[in-house]
Amino acid sequence: MTSLGQLDLDSETAFTLLPELVMLAGVLAIIVIPNLGDATFRLPLTRIRIPILVGGSRLESTNDPRLPNRIATLTFSVAFAASLLMIDSSSEEVGGLLRSDAFSRLFSAIFIGALLLVSAATTHRIPAKRNAAVPKDDDSENTASRKISVLMDNRRQVDFHILLIMVGLGMSLMAMSTNLFMLVVCIELASLSTYVLVAFHKEEEVGGEAGAKYFIVGSAASAVGIYGMSLLYLWAGDLALDSLATKWAEMQGLDPFAAFGIGLMMVAFGFKVSAAPFHLAAPDAYSGASSPISGLLATASKAMGFVALFRVLVMITAPDYGEESSWFLMLAIIAIITMTWGNLAALTSENPKRMLAYSSVAHAGYMLAAISVIGSGLAGEEGTKMILIAITFHLAVLVLFKLGAFLVLALLETGGRGHRMEDLHGLGRKEPLIAGSMFLFMLSLAGVPPLSGFLSKLLMVNGIVSSSADTGSSSATDVYSWMDTVDPVFWLAAAIVINSALSLFYYLRLSLVMFFEEPEKSPKIKSASSLRMAIMACSILTVLCGLGPVSEWLVSLVSTSIDSLMG
Amino acid sequence: MINDPLSVITLAPIAVGMALLILPKLVDSAEGLARASRAISMGVSLAMLAITTMVFLGEIGNVDWTNYGSGYSLTNESFLLIPSIGVSWKVGIDALSFPMVWLTTLLIPISMLVEWDAKRGHLFHPLILVMEGALIGVFVSLDMFVFYVFWELTLVPMFFLIMVWGGEDRRYASLKFFIYTFTASVVMLVGILVMYLYTPDVAGSGTITGHTFDLGVMVSSASGIPSEGLRHLVWIMLLIGFATKMPSVPVHTWLPDAHVQAPTAGSMLLAGVMLKMGAYGFLRIAVTALPESTIAFIPLLIFLGMVSLVYGAWVCMGQTNLKRMVAYSSVSHMGLIFLGIATMQPLGIAGALFMMFAHGIISPLLFAVAGAFKHHYHTLEIGSMRGIAHHSPWLAGHMMLGWMASLGLPLLAGFVAEVTILIAFWMTFGWLVLLPALTLIITAVYYLTSMQKTIFESDDPHHGILPESLHGEDPSDITWHENAGMLILGAFTVLFGILPFIFWDMMSDWSSGFMLEFLTQAMESEGVKP
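Chains A and B supply the protein sequences, listed in that same order. Heads up: the first sequence begins at 1 in my numbering, then just goes up one per residue. Heads up: the second sequence begins at 1 in my numbering, then just goes up one per residue.
In case anyone wonders, no lab produced these hints; they're calculated from the structure. Incorrect hints may appear among the rest.
[Stated by the list, open to error] Pairwise CB distance ranges, derived in the manner of DEER restraints: (1) Asn62(B) with Asp88(A): 47 to 53 Å; (2) Ser78(B) with Leu344(A): 39 to 45 Å; (3) Ile22(B) with Ala494(A): 37 to 43 Å; (4) Ser78(B) with Met533(A): 56 to 62 Å; (5) Pro549(A) with Val445(B): 56 to 62 Å; (6) Ile441(B) with Ala494(A): 45 to 51 Å; (7) Asn76(B) with Ala81(A): 36 to 42 Å; (8) Gly32(B) with Pro549(A): 50 to 56 Å; (9) Asn3(B) with Ala494(A): 54 to 60 Å; (10) Ala25(A) with Gly216(B): 53 to 59 Å; (11) Lys521(A) with Ile441(B): 55 to 61 Å; (12) Ile498(B) with Leu433(A): 29 to 35 Å; (13) Met533(A) with Met18(B): 20 to 26 Å.
[Claimed, not checked] Some residues of chain A that are not near chain B, with every Cβ distance over 10 Å (derived): (14) Ala14; (15) Arg155; (16) Phe181; (17) Ala259; (18) Val267; (19) Gly380; (20) Arg417; (21) Asn462; (22) Ser466; (23) Leu547; (24) Ser551.
[Stated by the list, open to error] In the EDC-like style, the derived pairs of lysine to aspartate or glutamate whose C-alpha atoms are separated by at most 16 Å in a straight line are: (25) Lys25(B) with Glu431(A); (26) Lys147(A) with Asp137(A); (27) Lys176(B) with Glu517(A); (28) Lys526(A) with Glu413(A).
From the three backbone atoms N, C-alpha and C, an ideal C-beta is built for every residue, glycine too.
Given the sequences, and given the hints that come with them, work out the whole structure.
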């Protein structure tokens, strides 16, 4: 095994790691700045007082509980811009473990972009208030508990935002890892932070339950994955991804160590992308966490799982053209079960958050189906590239419309609602712009043209069908005899199409209750300016990424990044 | 603008309509815009009518309508909208789409005129303007993706027209309308995607997928879909989308509900243009792309057409609601279009095209009459009001003209279409023609009975017998703008009845060229040298 290299932080490396360093600085800032005080040091025997900033009572400017949120938002904005700008720069190795190239930088941008939206939403979801009052003895019970919850929200700000930035740091480094060990460590850094974030509302029953479930299942899956990694290490003697790939290509037959190792790692990654049967904790976790965090799990965390799948499954074990890999059939079956299960469960959900959770399971199924086609050996280099572009594009635009939908629910949550279908009733009359955006998100999730969800799904189906295009008898006279001759890969495309049609029902149902049902009597939704701005930005980009120059720019970006992944 | 009139008439109404809808909400100082929005919408729609009329007269684009084979006129220089999957903005018209485009631009100002005093007019009229752009977009786009987007876009304004300005049961009706047509178009989309996935790889086109949504390419390469079975499946998927829009029995049930609840202008556009989108798409895509399957499924077409025709007419006899009756008569007439296409004769196809056009003038007239009736007598029940001729002679006159045209009186537009379809049907299927011909008698029965019950049968020379819904008050006579709108439609009904060749010539040219190409293609795919 290559030594975990020395990290000499010269200016060039610093530039290569700019987004990560920005986030690190953000964490330090959140820890330090709110603690700055007015303590001074008096020079002995003089009257000169030198401010030492640490200790004393807090300064007027640093005593603001809104500060951590602002620092986090600023950090994510800078890091997001930095990663976007670095997509075009050349590939750089850092310390033998990390590589900054177009692929990793695109995913950094996806992760950090999602986190930026989350932190914008948190401004109102976990609000911080200046000059919060302390409960007095003669307060009624209600007033006292309200005051206490405001104080608690204020106290949580620092913890929440540090964890949020740690998620970003872990994910971003994970995308850059060229070593399996580093990859797993980074995934754990991000995962452990998300476990806490899911359980953040621990004083509510659902929050505690969600966090506990998510943590237990998640850590079990990670343990299995790490065991798989140790088997791979026994087999190869090295965990660098490149040498694993070489070793796999040289392998005669299927080495049991390698096969078990990869298989067990799939359990860990399968949990991250919420593939059946490892998805069972997901709906509970999503519905118990606050909506922005659920959105984070459904987009960034899922994207992280797919990066791991790309790195391990596709880059190490992809078969040569014409050979079927050992995992093709299994992954294909898992994919079909995942998407069907997700959609069927979503059809019957009465809680919009659970519904979106199951829809996210279904989307994982579509993407897994596309990955499994790579394993069929029919795709060839062109086909593999097309499929990887489709999945990456889908993961990128998913941040817009899936997270956008969760942000709409977050807006409802600021008024204590958002857990029942009835909470959406009549939204179209009260909040036409928000309901219109939600409608757009639903249509895009369902894959209706010309929205970005359609483009990504079309690219996926196209990749699958063109892989099976040469099979299938052209002389068959009826559908049945043609279906007999076509390669099973074609059925994956058919399954995606049928499942998308099925999913239309629940997406439309959610949309229609917003416009058709009479609104319940409920308090007005708060103005929550930055959350609304985030929703608007998501809905505008959902349209733009499906059509015209913006979508073209994004597709070319994705295509460059896939080029750099495939070397 | 002169170089590309079609993009202008598609995009300008949408842009102006959206601006009128949104700007007053966003900018406070734009309140004056809301007050002027009715006049602006009317102005824009009249400008669009002027453009299409000038195109017809040869003032713009110098289109030669006298010698029309195949190919598109007034095409623009296409540019890519989504290069990665081969979507481009490409428009053009031919003799199949032009009458529909002209009809749309004619009906929009008239429907605005008829509902000139609609409630919340600052939203109503811009919404109709958006509708105009979407409808024209369906007819002129030569890219299947854009076609589909416009196809779905037409749902949105119509949905809101029914939902906001509709009658008592508007929620049920708009929901049913949306679910039926949306589900059907999704099935159609799957068919379109299968066609897309088998388009040839155009080298150097810069697409990632290697395919294109260009309508011409998709249609000509549809024969490359492997296996006859898959081609038939695609054809059926397309048929489901188009037949639901038309609508044909058994997927017609959304239409009567939507019509009864929709506001007058909504009904006029729904019957006048939206139903024709189904027939247009069927001819443009399904029949052209898959001639073999079309020939194989002619019995199905005849069956659907016959059932729609007979069932629609039969049900009409039992209707007591004026709008519901007119809606079912639309189902019946759309059945005739299927029969015309099923003949696979140039005459039959031209008849079907003329039926699309004639029905597009007559049925808006009927719905304008029904709307005015509802507006002034507060009821749609046939027989509750007797002797309109005494009370509102103008309304009675329009009603009479509309119904006569719809039942196919010679010298009115409907007659030309019906008679050509029946002749072509006789030429192909012989005495089977008796069934559609006899159905025309049913049509006459229900129209004449209703006529007797509403227009006549009253001895009171001043009032007629007023319906109970008025509670004994005197109804007002129809307003000047309703009268003007119906007069224009009536005038065109007569004009195209006496001088059908204005559009008939180009339609028949197109049909001959179309059939020639169709038969050649069908024979080639059968392996016969033509």
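Quiz prompt | Cβ separation of isoleucine 498(B) and leucine 433(A), checked against the hinted range 29 to 35 Å | solution = violated (52 Å)
Quiz prompt | Status of the given 50 to 56 Å range, CB of proline 549(A) versus CB of glycine 32(B) | solution = violated (34 Å)
Quiz item: Do the beta carbons of proline 549(A) and valine 445(B) sit within 56 to 62 Å of each other?
Solution: holds (60 Å)
Quiz item: Between serine 78(B) and methionine 533(A), does the C-beta distance stay in 56 to 62 Å?
Solution: violated (36 Å)
Self-check item: Status of arginine 417(A), Cβ more than 10 Å from any chain B Cβ
Solution: holds (23 Å)
Practice problem: Just tell me: holds or violated, for the beta carbon distance of methionine 533(A) and methionine 18(B) against 20 to 26 Å? | Solution: Holds, at about 21 Å.
Quiz item: Would you say asparagine 462(A) is clear of chain B, with no C-beta pair closer than or equal to 10 Å?
Solution: It is violated; asparagine 462(A) is separated from chain B by about 4 Å at its closest Cβ, not greater than 10 Å.
Quiz item: Is the distance from the Cβ of alanine 25(A) to the Cβ of glycine 216(B) consistent with 53 to 59 Å?
Solution: For glycine 216(B) against alanine 25(A), whose Cβ atoms are near 57 Å apart, the range 53 to 59 Å holds.
Quiz item: Is the nearest Cβ of chain B still more than 10 Å from the Cβ of leucine 547(A)?
Solution: violated (6 Å)
Self-check item: Interface-negative label, arginine 155(A) against chain B, beta-carbon threshold 10 Å
Solution: For arginine 155(A), whose nearest Cβ neighbour in chain B is about 39 Å away, the distance exceeds 10 Å, so it holds.
Quiz prompt | Beyond 10 Å from every chain B Cβ - status for valine 267(A) | solution = Consistent with the label, valine 267(A) stays out of reach of chain B, its closest Cβ about 33 Å off (over 10 Å).
Quiz item: Any Cβ of chain B at or closer than 10 Å to serine 551(A), or is the non-interface label fine?
Solution: Non-interface label on serine 551(A) violated, nearest chain B Cβ at 6 Å vs cutoff 10 Å.
In the structure shown, a violation is registered for the earlier hints numbered 4, 8, 9, 12, 21, 22, 23, 24, in ascending order.
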